[in-house]
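Participant: Generate coordinates for the entire structure from the input sequences, incorporating the hints supplied.
Quick mapping for you: the protein sequence lines, in order, are chains H and U. Heads up: the first sequence begins at 274 in my numbering, then just goes up one per residue. Heads up: the second sequence begins at 4 in my numbering, then just goes up one per residue.
Hints should not be assumed to be uniformly reliable.
Said to hold, decoys possible - Computed cross-link-like contacts, DSS-like style, restricted to lysine-lysine with a CA-CA straight-line distance of at most 25 Å:
no., chain 1, residue 1, chain 2, residue 2
1, H, Lys-489, H, Lys-310
2, U, Lys-215, H, Lys-489
3, H, Lys-489, U, Lys-132
4, H, Lys-489, U, Lys-133
5, U, Lys-219, U, Lys-137
6, H, Lys-489, U, Lys-219
7, H, Lys-489, U, Lys-129
8, H, Lys-489, U, Lys-124
9, U, Lys-352, H, Lys-339
10, H, Lys-519, U, Lys-178
11, H, Lys-489, U, Lys-334
12, U, Lys-121, H, Lys-489
13, H, Lys-519, U, Lys-193
Note that these hints are calculated values from the structure, not bench results. Note that the structure is predicted; figures quoted are calculated from it, not measured.
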Amino acid sequence: MVKITRNYKSYIRILLLLSIIVASMFSLFVPVKASEKVDRVYDYTNTLSDKQEQELEDLAEKYYNKSNYNFLIVITDTLSEYSYDSSGNSDTDCELYSVAFQESFQETYEQKYPNCAILAIDIKNRYAYVSGYGELKTKLDDNRYDLVYKKIKPQLKENNWFSVCKNYIYQAYNYSQFNNGIDPGSLFYNIFLQIGIALIIAGVIITVLIINSGGKMTVSAMTYINENNSRIVAQHDHYVRTSIHKTRRTSNNDSDSSGSGGSSHSGGGGHF
Amino acid sequence: MVIQHKCPSCGADMKFDTASGLLHCESCGYEENIKQMENQAEASENASAGSYDEFLAKTSRNTYSDNSAIQYQCKNCGAVLITDELTTATTCSFCDAPMILGDRLRGELAPSKVIPFKISKEEAEKAFKKWCGKSILLPRDFKKANRLKSITGIYVPFWLFTMHTRGEVNAECTKVRHYSKGDYDITETKYFDVYRDVDLHFDKIPVDASIKMDDKMMDKLEPFNYNELYDFNTPYLAGYLAEKYDYTDKDLYPRIEKRTENYTLDFVRQTMIGYDGKIILNQNIQMKPEDAIYALLPIWMFCYDYQHAEHNFVMNGQTGKIIGKPPISKKNCAAIFVAIAIISFFLIKLIAYMIGGVWVW
Numbered sequence: 274m275v276k277i278t279r280n281y282k283s284y285i286r287i288l289l290l291l292s293i294i295v296a297s298m299f300s301l302f303v304p305v306k307a308s309e310k311v312d313r314v315y316d317y318t319n320t321l322s323d324k325q326e327q328e329l330e331d332l333a334e335k336y337y338n339k340s341n342y343n344f345l346i347v348i349t350d351t352l353s354e355y356s357y358d359s360s361g362n363s364d365t366d367c368e369l370y371s372v373a374f375q376e377s378f379q380e381t382y383e384q385k386y387p388n389c390a391i392l393a394i395d396i397k398n399r400y401a402y403v404s405g406y407g408e409l410k411t412k413l414d415d416n417r418y419d420l421v422y423k424k425i426k427p428q429l430k431e432n433n434w435f436s437v438c439k440n441y442i443y444q445a446y447n448y449s450q451f452n453n454g455i456d457p458g459s460l461f462y463n464i465f466l467q468i469g470i471a472l473i474i475a476g477v478i479i480t481v482l483i484i485n486s487g488g489k490m491t492v493s494a495m496t497y498i499n500e501n502n503s504r505i506v507a508q509h510d511h512y513v514r515t516s517i518h519k520t521r522r523t524s525n526n527d528s529d530s531s532g533s534g535g536s537s538h539s540g541g542g543g544h545f
Numbered sequence: 004m005v006i007q008h009k010c011p012s013c014g015a016d017m018k019f020d021t022a023s024g025l026l027h028c029e030s031c032g033y034e035e036n037i038k039q040m041e042n043q044a045e046a047s048e049n050a051s052a053g054s055y056d057e058f059l060a061k062t063s064r065n066t067y068s069d070n071s072a073i074q075y076q077c078k079n080c081g082a083v084l085i086t087d088e089l090t091t092a093t094t095c096s097f098c099d100a101p102m103i104l105g106d107r108l109r110g111e112l113a114p115s116k117v118i119p120f121k122i123s124k125e126e127a128e129k130a131f132k133k134w135c136g137k138s139i140l141l142p143r144d145f146k147k148a149n150r151l152k153s154i155t156g157i158y159v160p161f162w163l164f165t166m167h168t169r170g171e172v173n174a175e176c177t178k179v180r181h182y183s184k185g186d187y188d189i190t191e192t193k194y195f196d197v198y199r200d201v202d203l204h205f206d207k208i209p210v211d212a213s214i215k216m217d218d219k220m221m222d223k224l225e226p227f228n229y230n231e232l233y234d235f236n237t238p239y240l241a242g243y244l245a246e247k248y249d250y251t252d253k254d255l256y257p258r259i260e261k262r263t264e265n266y267t268l269d270f271v272r273q274t275m276i277g278y279d280g281k282i283i284l285n286q287n288i289q290m291k292p293e294d295a296i297y298a299l300l301p302i303w304m305f306c307y308d309y310q311h312a313e314h315n316f317v318m319n320g321q322t323g324k325i326i327g328k329p330p331i332s333k334k335n336c337a338a339i340f341v342a343i344a345i346i347s348f349f350l351i352k353l354i355a356y357m358i359g360g361v362w363v364w
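Facilitator: See the structure below:
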């Protein structure tokens, strides 16, 4: 009987040991720690519904996973509370607010996400500002932020905030993928111009094909010239004058206002 | 006078053979070298061009009306030849025997040179079909080339002009340079006063002397290889059609003058080297014809029936170059246009992607 009891105890011990081993093995397949929850959409005005906010959070997270860039959104109507500008100039408020917001974002997440872009919308003053920090300061320069702003401006005017936010994430991500030094707003990237060029190329080729369909002229002066018997009797090439035509190089920057040069960030925005 | 070249060994009619360049008897295979034969049409007369003035004196008279009433009879079958007054060589419409109308090739009407056919009828037909099949703009049923109505080998009368020109040309030429300095893009244009005085000789520029032939098509048929420009002799015409000239060399002066002027200016432009822009301010071009040779050049004519309309094509009988106005299929054009547009659009996109690093749609 005693013997049996001892056996029973030892079985329990073995079972316990086994269960620990099995549990520890399982633990290998379970993430040690769930990825940190980062809030990227800050709507202080409640203009977005909870569902829309969640959708934007998901979208921003998706693009963070793709690019390692955080695309943040702040919607506010209480800018003066955060303003660093004593003059009360609300246009620069939005810019300064973005910088301050960025700093507090970095503090909250212990500088783990230095590469971020912020869309700050001041609903009251109807002013929006898009800015970039860290890598996104160089990947998206002032010109590119102006382009992003131009893309979302029509929706801003319609007060279509959800579309504005969605479009901002798409556009900011898209422009950040361009090689450095390229102007994505140049005519070369204009789809209508590209279609136009393609149509012109096709038109020229088909015209040449039709004209040459019946055979073409292949003789020239050199076919019949008697080279032994032909010569240049006299010639001169006199330099007369030089004319110089100067054109100032235009920068592609016609938005309402643009970001500050040489500062902690790059950006662009304006009234809508 | 009808000239028919009979085979000395079997008596059959002999024809010019494109492959060998000899007079060939199809029934017994006998061949005769044309260059060693006497010109039967000319008999004792000299066929060479001589000096230009002499030639002009010879050719400016018109003798067509004298010939129009003459009837020709085939020596083989006795049939009366039906021909227009310009024909100088043909085949009997009854027995298909080659006939050369000797009296229309004599005196002032005597061609001095000829380039014999180098491409046979079979080769011409094959090449034409291949040409039709190759063109992507032609309608599919036209490409088959199965409604080819006739293929005719014809010696077309040409004048080969040798021109001497003296041209003085003043031009304003420019050299353009682009660079940037500071905030500015600078375009620097240097102007030059350029002068050329040239003394040029152009040899044997061909101009067709037949009223029936389309001038533009004939010009496009060039070049002809003058290494095969032989002294004229009637056997070359055996088996082909031939015509005498409608226009004298004098009639063709305006055409050759325009062409020589263009050639002179082309040459002058080529001597202005290293310039980006060339504007001719004034020109003084004097020209003088030094010689005009009456020559017969070989041309294959294709008559094609397509959708109740005749389409004519011509082929250089020496080089095989084909010229004509083919019917263009609008459907094919549209398809090709769309295809090229789509391909170029994607190429532009690809270039944009390679430069920018992003696909932008």
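Participant: Starting from U:Lys-215, check that the Cα of H:Lys-489 is at most 25 Å away, please.
Facilitator: holds, 20 Å
Participant: Quickly compare the C-alpha distance for H:Lys-489 and U:Lys-129 to 25 Å and report which way the hint goes.
Facilitator: Given pair H:Lys-489, U:Lys-129 holds - Cα atoms ~21 Å apart, limit 25 Å.
Participant: Mind checking the alpha carbons of H:Lys-519 and U:Lys-178 for me, to see if they're no more than 25 Å apart?
Facilitator: Cα-Cα ~16 Å, so holds.
Participant: Is it true that the CA of H:Lys-519 sits at most 25 Å from the CA of U:Lys-193?
Facilitator: holds, 15 Å
Participant: Run the distance test for H:Lys-489 versus H:Lys-310: straight-line Cα separation, threshold 25 Å.
Facilitator: Cα-Cα ~72 Å, so violated.
Participant: Taken at face value, is the distance from the CA of H:Lys-489 to the CA of U:Lys-121 at most 25 Å?
Facilitator: With Cα atoms ~21 Å apart, U:Lys-121 and H:Lys-489 stay inside 25 Å; holds.
Participant: Within 25 Å, alpha carbon to alpha carbon, are U:Lys-352 and H:Lys-339?
Facilitator: holds, 23 Å
Participant: Between H:Lys-489 and U:Lys-124, is the straight-line Cα distance small enough, at 25 Å or below?
Facilitator: holds, 23 Å
Participant: For the pair supplied as a hint, H:Lys-489 and U:Lys-219, is the alpha-carbon distance within the 25 Å limit?
Facilitator: holds, 10 Å
Participant: Is the straight-line distance between the alpha-carbon of U:Lys-219 and that of U:Lys-137 25 Å or less?
Facilitator: holds, 23 Å
Participant: Checking one constraint from the list: CA of H:Lys-489 to CA of U:Lys-132, max 25 Å. Satisfied?
Facilitator: Holds. H:Lys-489 to U:Lys-132 sits at ~19 Å (cutoff 25 Å).
Participant: Measure nothing beyond the straight line between the CA atoms of H:Lys-489 and U:Lys-133; if it is 25 Å or shorter, mark the hint as holding.
Facilitator: Holds: H:Lys-489 and U:Lys-133 sit about 18 Å apart, inside 25 Å.
Hint check: a violation occurs at hint 1 only; the rest are consistent with the structure.
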